[in-house]
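Chains as they are written, first to last, in my numbering: chain A, 1 to 242; chain B, 1 to 468.
Derived by calculation from the structure, the hints in this document are not laboratory data.
Each statement offered as a hint is correct.
Label-pair ranges, simulated between beta-carbon atoms:
hint : chain 1 : residue 1 : chain 2 : residue 2 : range
1    : A       : Y237      : B       : R39       : 53 to 61 Å
2    : B       : S233      : A       : K63       : 54 to 62 Å
3    : A       : K218      : B       : C18       : 48 to 56 Å
4    : A       : G2        : B       : T20       : 47 to 55 Å
5    : A       : T59       : B       : P195      : 37 to 45 Å
6    : B       : K63       : A       : E137      : 42 to 50 Å
7    : A       : G2        : B       : N93       : 48 to 56 Å
8    : B       : P195      : A       : K218      : 31 to 39 Å
9    : A       : K45       : B       : H74       : 40 to 48 Å
10   : A       : M166      : B       : P117      : 25 to 33 Å
11   : A       : T144      : B       : K143      : 44 to 52 Å
12   : A       : K63       : B       : R115      : 33 to 41 Å
The beta-carbon is built from N, C-alpha and C at its ideal position, and this holds for glycine as well.
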Amino acid sequence: MGKDECKTMLDALNKVTACYRHLVIALGSTSDSQNLREELKKTRKKAQELAVANRTKLTSLLKDKNISKDDRAEYERLWVLFTSSVELLEVDMKRSLEIGQDFPLKVPTRHLIQTGMTGSTTTVAARAMSVQNMKYEADANIDTVDLKELETEIAQVDQMMEEMEMKVQVAPWAVEAKQEAGAELKSTVSVGNSSVGVISICEEEPKETVEGETGLMKVFAGVIFTAVLLIAGILGYLVINL
Amino acid sequence: MTINTLSQDGVQRQQMPCLTKMERMIISMQDPDMGIKLRNQRLLITVIPHAMTGLDIVEWLIKKCSISDEEALHVGQLFVKYGYIYPLKEPRNLILKADDSSYRFQTPYYWMSTRWPASELDYAIYLAKKNIRKQGELIEYEKECYNALHKRINHTWDFVVMQAREQLRASKQRRKGDRIVLECQEQAYWLVNRPPPGTQDSIDHGPERRTTNTRVQLNAEFYKKEIEHNRISLARNRVKSSICLESYVKYCEQYQPHDPIMQGCLPSNPWITDDIMFWNMNSETVALPTKLRVERWSFSFMELLNDQMGRKEFLTYLEKEFSAENLCFWQACEDVRHGETAKIPEKVDEVYKQFLAPGASRWVNIDSKTMEKTLEGLKRPHRFVLDDAQMHIYFLMKKDSYPRYLKSELYKNLLARAIVPQETKKSVFPFMRRQRHSSPSPALATQTAEDDGKAKYSNSNSGTASRL
Numbered sequence: 001m002g003k004d005e006c007k008t009m010l011d012a013l014n015k016v017t018a019c020y021r022h023l024v025i026a027l028g029s030t031s032d033s034q035n036l037r038e039e040l041k042k043t044r045k046k047a048q049e050l051a052v053a054n055r056t057k058l059t060s061l062l063k064d065k066n067i068s069k070d071d072r073a074e075y076e077r078l079w080v081l082f083t084s085s086v087e088l089l090e091v092d093m094k095r096s097l098e099i100g101q102d103f104p105l106k107v108p109t110r111h112l113i114q115t116g117m118t119g120s121t122t123t124v125a126a127r128a129m130s131v132q133n134m135k136y137e138a139d140a141n142i143d144t145v146d147l148k149e150l151e152t153e154i155a156q157v158d159q160m161m162e163e164m165e166m167k168v169q170v171a172p173w174a175v176e177a178k179q180e181a182g183a184e185l186k187s188t189v190s191v192g193n194s195s196v197g198v199i200s201i202c203e204e205e206p207k208e209t210v211e212g213e214t215g216l217m218k219v220f221a222g223v224i225f226t227a228v229l230l231i232a233g234i235l236g237y238l239v240i241n242l
Numbered sequence: 001m002t003i004n005t006l007s008q009d010g011v012q013r014q015q016m017p018c019l020t021k022m023e024r025m026i027i028s029m030q031d032p033d034m035g036i037k038l039r040n041q042r043l044l045i046t047v048i049p050h051a052m053t054g055l056d057i058v059e060w061l062i063k064k065c066s067i068s069d070e071e072a073l074h075v076g077q078l079f080v081k082y083g084y085i086y087p088l089k090e091p092r093n094l095i096l097k098a099d100d101s102s103y104r105f106q107t108p109y110y111w112m113s114t115r116w117p118a119s120e121l122d123y124a125i126y127l128a129k130k131n132i133r134k135q136g137e138l139i140e141y142e143k144e145c146y147n148a149l150h151k152r153i154n155h156t157w158d159f160v161v162m163q164a165r166e167q168l169r170a171s172k173q174r175r176k177g178d179r180i181v182l183e184c185q186e187q188a189y190w191l192v193n194r195p196p197p198g199t200q201d202s203i204d205h206g207p208e209r210r211t212t213n214t215r216v217q218l219n220a221e222f223y224k225k226e227i228e229h230n231r232i233s234l235a236r237n238r239v240k241s242s243i244c245l246e247s248y249v250k251y252c253e254q255y256q257p258h259d260p261i262m263q264g265c266l267p268s269n270p271w272i273t274d275d276i277m278f279w280n281m282n283s284e285t286v287a288l289p290t291k292l293r294v295e296r297w298s299f300s301f302m303e304l305l306n307d308q309m310g311r312k313e314f315l316t317y318l319e320k321e322f323s324a325e326n327l328c329f330w331q332a333c334e335d336v337r338h339g340e341t342a343k344i345p346e347k348v349d350e351v352y353k354q355f356l357a358p359g360a361s362r363w364v365n366i367d368s369k370t371m372e373k374t375l376e377g378l379k380r381p382h383r384f385v386l387d388d389a390q391m392h393i394y395f396l397m398k399k400d401s402y403p404r405y406l407k408s409e410l411y412k413n414l415l416a417r418a419i420v421p422q423e424t425k426k427s428v429f430p431f432m433r434r435q436r437h438s439s440p441s442p443a444l445a446t447q448t449a450e451d452d453g454k455a456k457y458s459n460s461n462s463g464t465a466s467r468l
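Chain B with its partners taken away, still in its complex shape (with noise of 0.2 Å):
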């Protein structure tokens, strides 16, 4: 048998919903009294009627759906890519102009379909059929075609041979101007389906799967596996709509002074005013912290924990509750399920002989469980082995030890000190006011280490522009 590239594992395939959605439009098309208003295409001598103008198209579209222009348009682009419509002017062409270009409907057999994916033999013999037409002068590209598939389907290529011969002697017994018409049908379903290099490829199949290994055996084993996927699907937690968008307004308003966007941050927008006093005062080696930041940590643990400087406070306050260990614990777990892979081994060590160890130097009180499981994992050390300890410990210091840091003198000395920073003034003269244009690109600052000359008449070009 040929290498049959239609079944695909004997699984019947269904159509597109897209295509049948346009199919149901197009046959709308056909109505005599609603449908689209049809012309005559002369050629010389011959006459072929059902021929359409874009602007019809168009106009019947904004008229039976009611959209506007620009819809209309792209809905009949569409049409014209799928092949459900082709040009008639520039056949290769496949847009659809709201102008008085002419166009045709394609057939039913040559429509798109999912379930009838055009064939190499039907490629090969479509191919055949112009090289007889037209004497040996395929386009480059068909010509590429045409050889691979000389060589692929090398052992029908006899049929595809008689095949052509015979559908051309066919086409012959019927009239001029129906010929016409099934050459650019033909013509049209082929620029579809086999697009010319550099042009878009509507369809896009993707690879084509030959999944045989993994065909699945609908016995017992199967649906025990389904029934009890479904099960566990049904009681997972699932939060009602009302309670999370509750708690979501709750986050945005809770946010929204820190949110530079939406409050404005003072001093001054670095961004705009390219004044990074800013960034200075947040950073995270200053001295005193702004106001804001500081009452962030106040809104949850993790907010804590991800700003340095509020860890190190954090860390000074433990000290004193003589509970450090918690938080370095934490951290050097942090560092083992973040870090090289290389090194995990080593660093699990140090956090056993440190941390976990009875009687080590800062041994910190996990349940006996949990230390049991952990013990049991350290034998083989991988990147999540300190996970159910870090867990414990996380837990233990934010519903211990956080919100009594909150209470804490240490925290209401640092919120009544950190600085509210003042709005930078605009400045009274106009033209003492500072500049508020984007900073120069850096590919201008390479180039006038490159060349000199160049520079500066590129610097004055773009200094210009910016000021635009």
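Okay, chain A solo, but in the shape it has when bound (with noise of 0.2 Å):
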């Protein structure tokens, strides 16, 4: 149906854009490298296919005139996301453009950030391609050519958003989101669970977020302790009746 198809071409793209903001952090730091910019090249590229690709779906779903009422709703909520999607996209290609400028890789003395973030962005890279392993093929001037493209690439998506915002006629404060506040809560427990610890580092507050596990552990403390004071007790008595 085409509901699904383009929720999940819709998440594809969310994937895409994620990845992409994930990778642009790292421009201009200690990360940064050449691969890092054949990465984002090809990050680019990707989200540009599947944002085209959404807005030909999304667009010929809702110039259907034949749609049910609820089906139109639930296309201009999609068609809301998408646009999102495409904002934060275009927001990140500039941003990536002047970072980029200001920070080449091919001078005699690179002055890259010291974020202490020294790890390498391949496997981030790798989820948003979809691939296993990344191939790196790109020239060594990597990072003065992609410039140029990127450039040309902004003002592709600046005109994509504007022939968007021309054609189709969704407003967006018609649209209501399906999901209400703390919704991120209820299904992502693994997500949370695993970076608890990491977190309470950085933080100032020491709050203990999972207070079930405390508790039991303050009872289970309590009864080795009354054993350990039973046993001492009866040790004494003994010692002294003997």
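Take the two lone chains and join them into the complex the hints point to.
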């Protein structure tokens, strides 16, 4: 069905946008490298392909006059999600252009900001491209060549967004989100637990985030303590009497 | 389309110049030879490089810019305030301490920029991510922001949730050390851009002006106006600084003997000796003025007019000359200008009847052009309708009567009779000398009226305090 197809495509675009942002954050820092620039380029191109595909699909669906009201509302919601995604992508592209220009790689003294990030971003890019391992085949001067391409691509995305604004009449304020506040907590327990220990290091609040566990620990400790006391009492009694 | 907070009327915003300067400094700090010394941060199991102490930063700044300790600390504070460097131990406390507390550089994506202000969508995504990580345990103000955002950008809320989940999944792909750094960086960014209530907001954006109505059309009309404006500005009267500085020096020299702070005042400074003779002698209604005061009238016409006594003397002189109506007219005009708005029409009427009407009792001599203009304006009286006539009379008096007054017998007599007060002699015996302390505070006076017992205690307290 059209809706499910749309949703999967939108999810894919969402994934690539998130990965792209992650890669742009690493630009200019010590995890910046030739590979990163190539990853950025590939992710960007993939994102654009997905964006175009999404757009054609959604515009065709929205132009269709013979759809029910519910369907139309659903498509409008998907449209709003799509536009937000593209906006985020556009901003990230513009920023990557700016940072890329400020931090060229092929200079005698590189002044990359030492942010503490030293690992590579290969895995993130692999996730974006949905491949197991990334292959790097770019030239040495990718950082300058790529920037020119980036400029043209930004112009293309701008144009696409303008067209979208003009052609598709969707009122964003009429769209209601399906998820209520706090919806993200429901299905992502696994994501939360694994990073709990990590976060408490950089946070000030030494809050115990998993209350049930500590309660159990307390009871257990109490039991052990009383057992030790009893044993000590018994031994003492025996010693005194013998 | 979603509400776009980035594009402001399509005009490309400029980066603030101070931020560009800060960025240059940060980049120079990265130099492998001349940059800041970096250490490793140890957290239980992981070791994260590229940490520096506050002392390192301050010392580097002192060496690089050859500035003092204090200044280096202040400059370092700016870096932390604007988010280029963030503290590691106490992330919410954005200050630089010149000791061994550690700091780290912020990644360029999160640098403060007026071109890319932090958007609501991004903040919503950040809060959603935090919500997931902390299982719903957000701080109070963050919870409020979260709810407010949920209402405001409700149409993209699904996107926020989706994107938050995806971003977390993407960051899971990295090493533990990098993950920690990423989270600290993002947290630092949002602490600067959305400061918690009660902390200082370092980015004073000011109100967002959506001035789409007054968008200027760059057409021929606009440029014609610009050219005219510039032409008028060129023709503006300018004084050479050498000339105006000369007159400034002359002014200072002339007024120096009259300045109580520079020259001291006779009989004595009331603020020091609690002796109000100085004010009494210079009040408006005193029999004999002081010499300084009378001399001052000769400096300029305005000085004479500003002093009530001077005005009175001048009036007596003008009466002798049969031109007193000028001064009366001038006074009446001043009253209109500075008086109540409701009374203006009747006041103007009075003035007209007394001074301007043909055959009036105290008719003033104004030239015909000004008279016509004033009479025209009297039909619709407003505060400044008599300005032209008043100016004319003022200049008449200034050019004509005032110099003659200064040369007159009246003035010279007054000058001769004017007194020069004696400086109060300091008593020979020290214990007879007047205590030079500030008067008791008025708050104290009210307290004594209220409560006697308490007042006595506080009185003696403040007495001892003031004597210290």
